[in-house]
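K.L.:
With the sequences and hints as input, model every part of the structure.
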Amino acid sequence: MCNAEQPGPHLQHDKAPPTRKGNWCIAELTYAILNENNYGAVWILSDSRSSIQHLKDWSNVGDRTGISILKLLRHIGVDHEVHLQWIPSHVDIYGNEVSDDLAKGTAEPLCSAPSLTFDEIYSIRKNKDLKTWRVPPSHDWYKRSSPGGSIGLACDRADQTALSRFVSGHLRSCSFSHGNKVFPVCAKCGVASASPEHILSCLRLSRETFETDPLLSLDFLRVSGLMDGV
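According to my numbering, the residues represented by the sequence shown are 1 to 230, in order.
Calculated pairs, DMTMM-like style, for lysine to aspartate or glutamate (alpha carbon to alpha carbon, straight line, at most 25 Å): (1) Lys181 to Glu211; (2) Lys181 to Glu197; (3) Lys188 to Asp159; (4) Lys188 to Asp228; (5) Lys71 to Glu81; (6) Lys188 to Glu211; (7) Lys181 to Asp228; (8) Lys188 to Asp213; (9) Lys131 to Asp119; (10) Lys188 to Glu208; (11) Lys181 to Asp159; (12) Lys181 to Glu208; (13) Lys188 to Asp219; (14) Lys71 to Glu36; (15) Lys131 to Glu120.
Simulated DEER-style distance windows between Cβ atoms: (16) His178 to Leu116: 38 to 48 Å; (17) Asp228 to Val191: 15 to 25 Å; (18) Phe118 to Thr161: 33 to 43 Å; (19) Ala158 to Phe118: 40 to 50 Å; (20) Arg172 to Val223: 11 to 21 Å.
Quick caveat, the hints were computed from the structure, so don't treat them as lab data.
We put the CB at the ideal spot given by N, CA and C, even for glycine.
P.N.:
Okay, here's the thing in structure tokens:
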């Protein structure tokens, strides 16, 4: 990375711990310096300590890249001051700090839970289903202590079924259109739809009557000719 501020360009290469890669980056920077026209002192900042130490011991440098760097620095040093400085990596550099935190996070051991067997998964799911099934139905006026309350009445199976359908709202004559319940015209008044609420109003009965005296309610339905729709 080049910074053209005066008195001179401050050049820093990417993190390169290996000496060979660090020397290669420094060589590229020195070539880039030669293309600069107006600059003062030259600072080459590197986070590769081994590269700095390698070039510092210039009398023992024997590799081609190191010799090339020394020749370029000598050429630049004729008219400019040249400084090589090592800086620790990940210091006051936001992007590096973020990447370092991510790397540390991925290196931490995961909290792995033991895998469940098929029987354990089935048991957990079954317990959840049982809790759901034990919740009573949410009919606002279907007040029964348990399902099948009409079975205990002293009447035949047809009357028991008719009573169950009526109190639940699922009449035999009920149909669906676009997701809505549709009832035929009331056989008694011939005006409104024969919904459970209208039948109660037409017979002048209350919901409590079906709870306290269901057999009487069935008689009213039968006399009024509404049993076929129930």
